[in-house]
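S.K.: Listed below are the residues making up each chain.
Number of protein chains: 2
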Amino acid sequence: MDYNFYMNEALKLAKKAYKKDEVPVGAIIVKENKILARAFNLRQSKRRATYHAEILAINKACKKLKDFRLNGATIFVTLEPCAMCLGAIMNARIETLVFGATANKENVISCSELAERCGLNHNLKIIKDVQKEECEKLITSYFAEKRK
Amino acid sequence: MDYNFYMNEALKLAKKAYKKDEVPVGAIIVKENKILARAFNLRQSKRRATYHAEILAINKACKKLKDFRLNGATIFVTLEPCAMCLGAIMNARIETLVFGATANKENVISCSELAERCGLNHNLKIIKDVQKEECEKLITSYFAEKRK
Numbered sequence: 001m002d003y004n005f006y007m008n009e010a011l012k013l014a015k016k017a018y019k020k021d022e023v024p025v026g027a028i029i030v031k032e033n034k035i036l037a038r039a040f041n042l043r044q045s046k047r048r049a050t051y052h053a054e055i056l057a058i059n060k061a062c063k064k065l066k067d068f069r070l071n072g073a074t075i076f077v078t079l080e081p082c083a084m085c086l087g088a089i090m091n092a093r094i095e096t097l098v099f100g101a102t103a104n105k106e107n108v109i110s111c112s113e114l115a116e117r118c119g120l121n122h123n124l125k126i127i128k129d130v131q132k133e134e135c136e137k138l139i140t141s142y143f144a145e146k147r148k
Numbered sequence: 001m002d003y004n005f006y007m008n009e010a011l012k013l014a015k016k017a018y019k020k021d022e023v024p025v026g027a028i029i030v031k032e033n034k035i036l037a038r039a040f041n042l043r044q045s046k047r048r049a050t051y052h053a054e055i056l057a058i059n060k061a062c063k064k065l066k067d068f069r070l071n072g073a074t075i076f077v078t079l080e081p082c083a084m085c086l087g088a089i090m091n092a093r094i095e096t097l098v099f100g101a102t103a104n105k106e107n108v109i110s111c112s113e114l115a116e117r118c119g120l121n122h123n124l125k126i127i128k129d130v131q132k133e134e135c136e137k138l139i140t141s142y143f144a145e146k147r148k
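Sequence lines, in order, name chains A and B. All the letters of the first sequence, read from the start, carry residue numbers 1 to 148 under the numbering used here. All the letters of the second sequence, read from the start, carry residue numbers 1 to 148 under the numbering used here.
The set of hints was computed from the structure by calculation and includes no laboratory data. Each hint should be verified, as a subset may be incorrect.
Since the list can't tell identical chains apart, any single copy or any two copies may satisfy a pair.
Cross-link-like lysine to any residue pairs, in silico, SDA-like; alpha carbons within 20 Å at most [what the hints assert, rightly or not]:
| # | residue 1 | residue 2 |
| --- | --- | --- |
| 1 | Lys-46 | Asn-71 |
| 2 | Lys-20 | Lys-66 |
| 3 | Lys-66 | Arg-47 |
| 4 | Lys-105 | His-122 |
Please model the complete structure; the sequences and the hints are all you need to start from.
M.R.: Take a look at the structure:
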């Protein structure tokens, strides 16, 4: 699987979020080399605490497959998922999580620790640092602009 | 605030989930003594990994208040939230989480540990064991019936 190709697709979505003045995060769900769902963060525009890119992408993919399980799927996210989104990825039994930028906050539980300790008998494969620089640059410039 | 009253309302919702052959969990969001949202688990009926009672209730409450923040709100859930739902509760900045039955699984991160380690500068107040027996009985009998 071409991780860089799919992460670039997720980056395009993150840029759409940026244009809407949302924290720029994009997500794509791929299964059997087909893109099942694309989404970006819409928390502020739609005024919903839960409308992160990953949740929206998972909902779309479930709708498409008419299934609450996404076995065998891979999710590409430009930023390391928060606890809510990592929990959703586990609940959906997504096989692999690929992310770009790391959240890097002190005392914050890592995706891998949370995946192990969320009580589901499901082994999530996690791959990080894909297109890391591009993903980080987008987030950093968004917050730098915000601080102005 | 009358915790038992609101938890009983959440229990009524959990029983609706039970009738639909869903894991029986109900949630209610209250702010200033008004019920903002009621929801129950619809994961299987709607075929969405994310359609837990808490997520659906948070979405409804956000829609009602036209806000992605639910400051000052209390969420009542019949069962201890999973990682996804606890993350959503934190993302929505809900003030207080009240739950009935405890998930009680080995090696599973507790709500209080996850709330502290999910990277948000938000102090969630957590109250457990409200209508504990009733909540547990419902979950236990659902799974006992399933095993038959």
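S.K.: Each of the hints needs a verdict: does it hold here or not?
M.R.: These are the hints, each one checked on the structure:
Taking identical chains as interchangeable, the C-alpha atoms of Lys-46 and Asn-71 lie at most 20 Å apart only when they sit on different chains, with a minimum of 17 Å there against 29 Å within one chain. Only between protomers do Lys-20 and Lys-66 lie at most 20 Å apart by alpha-carbon distance; the minimum there is 18 Å, versus 30 Å within a single protomer. Proximity of Lys-66 and Arg-47 under a CA criterion of 20 Å is satisfied inter-copy only: 6 Å between copies versus 26 Å inside one chain copy. Taking the shortest alpha-carbon separations for Lys-105 and His-122, only the inter-copy value of 15 Å comes in at or below 20 Å, while the best intra-copy value is 26 Å.
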